[in-house]
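According to our numbering, the sequence shown is numbered sequentially starting from 1.
Wrong hints could be hidden among the right ones.
As the list claims (entries may be wrong) - Label-pair restraints from in silico Cβ distances:
no.	residue 1	residue 2	range
1	GLN59	GLY13	24 to 32 Å
2	MET138	GLN59	12 to 20 Å
3	ALA41	HIS114	40 to 48 Å
4	ARG39	THR75	41 to 49 Å
5	ASN40	LYS106	29 to 37 Å
As the list claims (entries may be wrong) - Below, simulated DSBU-like cross-link-like pairs (lysine-lysine); rule was C-alpha separation at most 30 Å, straight line:
no.	residue 1	residue 2
6	LYS87	LYS125
7	LYS91	LYS106
8	LYS15	LYS120
9	LYS106	LYS15
10	LYS116	LYS15
11	LYS91	LYS50
12	LYS50	LYS30
13	LYS30	LYS15
14	LYS37	LYS15
15	LYS14	LYS106
16	LYS91	LYS115
17	LYS106	LYS121
18	LYS120	LYS30
19	LYS125	LYS50
20	LYS121	LYS87
21	LYS30	LYS106
22	LYS50	LYS14
23	LYS91	LYS31
24	LYS121	LYS14
25	LYS121	LYS91
26	LYS115	LYS31
Think of the hints as simulated: they come from the structure by calculation, not from any bench.
Keep in mind it's a predicted model, so treat the numbers as computed, not measured.
Positions of the beta carbon are idealized from the N, C-alpha and C atoms, including for glycine.
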Amino acid sequence: MSDTTNGGIFINGKKQIVDMLQFMSESERKKLLSNIKARNASMARELSEKSLSFRDLFQLEDHIVRRILQHINPTIIGLALFLSSTKVQRKTLTLMQREDAEEAFKIMNQNLSHKKIECKKAQDKILATAIQLSRRNMIQL
């Protein structure tokens with residue numbers, strides 16, 4: 001899957017697969033990644049990491065999400081949750097230690113509409129932490 005030029009059009013196979021994975025259902029994504037893993041495990045891992053979104057983290061089992069949240073500052077979690085649905089906010093806060101949840105709740109209930117870029121960066125930070133934990137075999141994504 002290398003980058004090639006075809007008739008003046010730049011084609012990036014990995015990027016196209018990542019884009020496809022982001023729009024697939026969870027079961028379709030797992031099936032495709034499983035097939036890729038059978039031929040190239042490192043490629044499957046890279047594609048899986050690149051196609052992962054902040055929203056995907058909350059599809060994971062509670063104990064995995066809890067483990068991720070333990071490695072994140074509550075302020076960062078509060079910023080990230082501002083852009084999330086109420087369902088994700090509730091789930092996240094219930095998985096946290098009470099003091100940390102209260103701090104995150106305080107942050108997320110501020111008027112952060114002018115800080116959407118910072119909120120998105122907070123989501124990216126949580127995602128990066130999850131990938132790091134996965135690479136260290138501390139969690140299974």
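Evaluated hints:
1. GLN59 / GLY13: 24 to 32 Å: Taking Cβ atoms as reference, GLN59 and GLY13 lie about 26 Å apart, which means the hint holds.
2. MET138 / GLN59: 12 to 20 Å: At 18 Å between Cβs, range holds.
3. ALA41 / HIS114: 40 to 48 Å: holds (44 Å)
4. ARG39 / THR75: 41 to 49 Å: holds (42 Å)
5. ASN40 / LYS106: 29 to 37 Å: violated (46 Å)
6. LYS87 / LYS125: holds (21 Å)
7. LYS91 / LYS106: holds (16 Å)
8. LYS15 / LYS120: holds (21 Å)
9. LYS106 / LYS15: violated (38 Å)
10. LYS116 / LYS15: Holds - the C-alpha atoms of LYS15 and LYS116 are around 25 Å apart, at most 30 Å.
11. LYS91 / LYS50: Holds. LYS91 to LYS50 sits at ~24 Å (cutoff 30 Å).
12. LYS50 / LYS30: holds (14 Å)
13. LYS30 / LYS15: holds (17 Å)
14. LYS37 / LYS15: This hinted pair holds, its Cα atoms lying about 17 Å apart.
15. LYS14 / LYS106: Violated, at roughly 40 Å.
16. LYS91 / LYS115: holds (23 Å)
17. LYS106 / LYS121: holds (18 Å)
18. LYS120 / LYS30: holds (26 Å)
19. LYS125 / LYS50: Satisfied, since the Cα-Cα distance of roughly 14 Å is no more than 30 Å.
20. LYS121 / LYS87: holds (21 Å)
21. LYS30 / LYS106: violated (36 Å)
22. LYS50 / LYS14: Since the Cα atoms of LYS50 and LYS14 sit roughly 9 Å apart, the hinted pair holds (cutoff 30 Å).
23. LYS91 / LYS31: Since the Cα atoms of LYS91 and LYS31 sit roughly 27 Å apart, the hinted pair holds (cutoff 30 Å).
24. LYS121 / LYS14: Roughly 23 Å separates the two Cα atoms, so the pair holds.
25. LYS121 / LYS91: This hinted pair holds, its Cα atoms lying about 20 Å apart.
26. LYS115 / LYS31: It is violated: about 38 Å lies between the C-alpha atoms, which goes past 30 Å.
When each numbered hint is compared with the structure, violations occur for hints 5, 9, 15, 21 and 26.
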